[in-house]
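Chemist: Listed below, chain by chain, are the residues.
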Amino acid sequence: DVKVTQSSRYLVKRTGEKVFLECVQDMDHENMFWYRQDPGLGLRLIYFSYDVKMKEKGDIPEGYSVSREKKERFSLILESASTNQTSMYLCASGTTGLYGYTFGSGTRLTVV
Amino acid sequence: ILNVEQSPQSLHVQEGDSTNFTCSFPSSNFYALHWYRWETAKSPEALFVMTLNGDEKKKGRISATLNTKEGYSYLYIKGSQPEDSATYLCAFKAYNQGGKLIFGQGTELSVKP
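Heads up: the sequence lines are chains A and B, in that order. Here the first sequence stands for residues 1 to 112, numbered as in my numbering. Here the second sequence stands for residues 113 to 225, numbered as in my numbering.
Everything labelled a hint here was simulated from the structure, so no lab data went into it. Note that this is a predicted model, so its numbers are computed, not measured.
Covered by chain A, per the in silico footprint, the following chain B stretches (three or more residues, Cβ under 8 Å):
| hint | stretch |
| --- | --- |
| 1 | 138-147 |
| 2 | 155-168 |
| 3 | 202-211 |
| 4 | 215-223 |
Derived Cβ-Cβ restraints for the label pairs, each shown as a range:
| hint | chain 1 | residue 1 | chain 2 | residue 2 | range |
| --- | --- | --- | --- | --- | --- |
| 5 | B | 224 | A | 70 | 41 to 51 Å |
| 6 | A | 70 | B | 128 | 48 to 58 Å |
| 7 | B | 140 | A | 18 | 34 to 44 Å |
| 8 | A | 17 | B | 143 | 36 to 46 Å |
| 9 | B | 157 | A | 59 | 20 to 30 Å |
| 10 | B | 186 | A | 98 | 12 to 22 Å |
| 11 | B | 182 | A | 13 | 44 to 54 Å |
Ideal Cβ positions, reconstructed from N, Cα and C, are used throughout, including at glycine.
Build the full structure now, drawing on both the sequences and the hints.
Modeler: Below, the structure is given as C-alpha cells:
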C-alpha cells in the first residue's frame, strides 16, 4: 500500500522555536508539496518541489523554508515559530501526469 | 492567479436527502479536475479525476459531472448517509503548472441521522 508518512500527528511548540515537519513517500514520486489548512481558507500551498534539491514557493511561503535532499523526503521548516502558524499541515506527493496527490495524515501544530 | 471556488462552504442535510455541490475553475489551460473526500482525522482520499468535457463519473451513491467550456463541475450524493459527512475538495490542474493542483476551499457536509 502506497504511503505518505508525516512524522508527527500533533505537535506543540513555543514561539520562536525552530520547527521541523518531516514527510516521507514511498512511491518514487517526483513532486512533493506542503499545504496548510485553516477553517474557511481551504488548502493553501506553502512550498513544493519537482525534484531533489529543487524548491519553489507556493502562495504563502513567508516564515517557512523547505529541504529536499532525497527524492523520498520533503521537510518543512518554521524558522522561528509564531502563533499565526498554528494550523494543520498536510504533505502530499504526486506525478506530473493526470493523476492527483497522495496525502499524508497531517500534522496539527500548535504554537504557544 | 488561478482561482478555484466551491459552493456552498457548508451544508447540513438529513439522512436520505440528496445533495450537490459546485466547483468553479478557470476554463482555459484545463488539464484535469480532481475531487477528494476528507474525513476528520484522516488523509484526503481521491474520489474522481476528470479530464474530458461532458465526463460523468460514478462511485456508489456519489457522482460527478464536468463542463470544461464553462469551467464548472458538480458533485452529487444520492441518499446521503451519516458516513458521507466529510469535507469535499475539488482541485484544478492546468497544462502549464506541472504537477501542481489548485484547491478550492472545500464544502463541509454534515449528514444528521
